[in-house]
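Chains as they are written, first to last, in this note's numbering: chain E, 1 to 113; chain Z, 1001 to 1115.
Calculated directly from the structure, the hints in this document are not laboratory data. Quick reminder that beta carbons are idealized off the backbone N, C-alpha and C, glycines included. Please note that the accuracy of each hint is not assured.
Claimed, not checked - So the derived label-pair ranges between C-beta atoms look like this: (1) Z:1064 <-> E:99: 15 to 21 angstroms; (2) E:14 <-> Z:1053: 50 to 56 angstroms; (3) Z:1026 <-> E:41: 17 to 23 angstroms.
Listed below are the residues making up each chain.
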Amino acid sequence: EAQVTQNPRYLITVTGKKLTVTCSQNMNHEYMSWYRQDPGLGLRQIYYSMNVEVTDKGDVPEGYKVSRKEKRNFPLILESPSPNQTSLYFCASSSPGNNQPQHFGDGTRLSIL
Amino acid sequence: AQSVTQLDSQVPVFEEAPVELRCNYSSSVSVYLFWYVQYPNQGLQLLLKYLSGSTLVKGINGFEAEFNKSQTSFHLRKPSVHISDTAEYFCAVSGNAGNNRKLIWGLGTSLAVNP
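Just chain Z, with the same shape it has in the complex (with noise of 0.2 angstroms):
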């Protein structure tokens, strides 16, 4: 079976401070990896994926996150943070369960920049 564990639920940190939140999985096969965003009251955005190739993955503001299959890790980074991205951060492994594309959460991560 596929997991995802976010290893922080929440990460408070400065505004231009850098920023890293950590999402590992299990998986026995091959995976493709997303990390969404939750604004609040708005639904999920995706802001990046890995599906092969380079292990570094960039994404829509200014965020990247890097595959590292020996350590089932894709954490998601950001140099320097903004106030507008407080929000929840979701980390997920796409399934592998017959027809079914059922993505595979993590439980969140929310940050919150403070000026």
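Excised from the complex, chain E in its bound form (with noise of 0.2 angstroms):
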């Protein structure tokens, strides 16, 4: 079956701990992003990466790492969380061009204490 799939699905922890999430998909998608949810702010992209080794910043980079060292991962670093990153972080991946819909992951609900 055809999936992007992350984990944690949920995780509380403390500010300044560091922590990662993971995103894996299975469909040898080049393009890979990840995203915020937040209640009146909708989704904002944090990182993207159109193939392996090819990394850049999105809308609301701060605070955050990637890495994309094979083509199915693209994992979410946080090096020294904050509250103010206590969010909903979904994963998405997608065929090249801008007409290919982006599949997305069943989300990871962060809280940071």
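Build the complex from these two chains, which are given one at a time in their own frames, with help from the hints.
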């Protein structure tokens, strides 16, 4: 089954404790992206990747890192999480071309205390 | 710059009634348009998309949308809704920012179907 898998689905942690949210897709997609979803603000892009070893900032990259060492994986790293990073996070992937829909994971709900 | 406006943040409706969720966009170039649905505790799922051709697009679960270039709108409709259609609905425009395939999102419309 074609899917985007995120882990963990839920995480409560404390300020400053490094964490990684993993994202894996099995559709051989070149493009991958991370979004955060907040009430009243909709979805905002954090980082994206056009292919292996090619990543770039989205609209709200501060406080986040990503890597793309393999085509299928695109982890999101919070080196020193802060409470303002409490949010619902989505990973997405797609084939090349602006007319291709993006496929989303089920989301990761992070709470930073 | 491109932008998307979903005109209603919440739409309550009774079961079996018709519904329209409104979406307007702004763009100086040709666009691709999408509607996504988000059920509780799930990710976003593609409902339908407009790429080119016929302005009436049919999607999954009985939804359809009409692209109106002159009014820059892409409203989503369903003639008869079910309780299971209760969800958050997002309109999106395919971005045109270089190589980034970023989607420009509306803020969402919460559809509540009541018995």
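Comparing the hints with the structure gives:
no.: 1; hint: Z:1064 <-> E:99: 15 to 21 angstroms; result: holds (19 angstroms)
no.: 2; hint: E:14 <-> Z:1053: 50 to 56 angstroms; result: holds (53 angstroms)
no.: 3; hint: Z:1026 <-> E:41: 17 to 23 angstroms; result: holds (19 angstroms)
Going down the numbered hints, you'll see the structure goes against none, and every one checks out.
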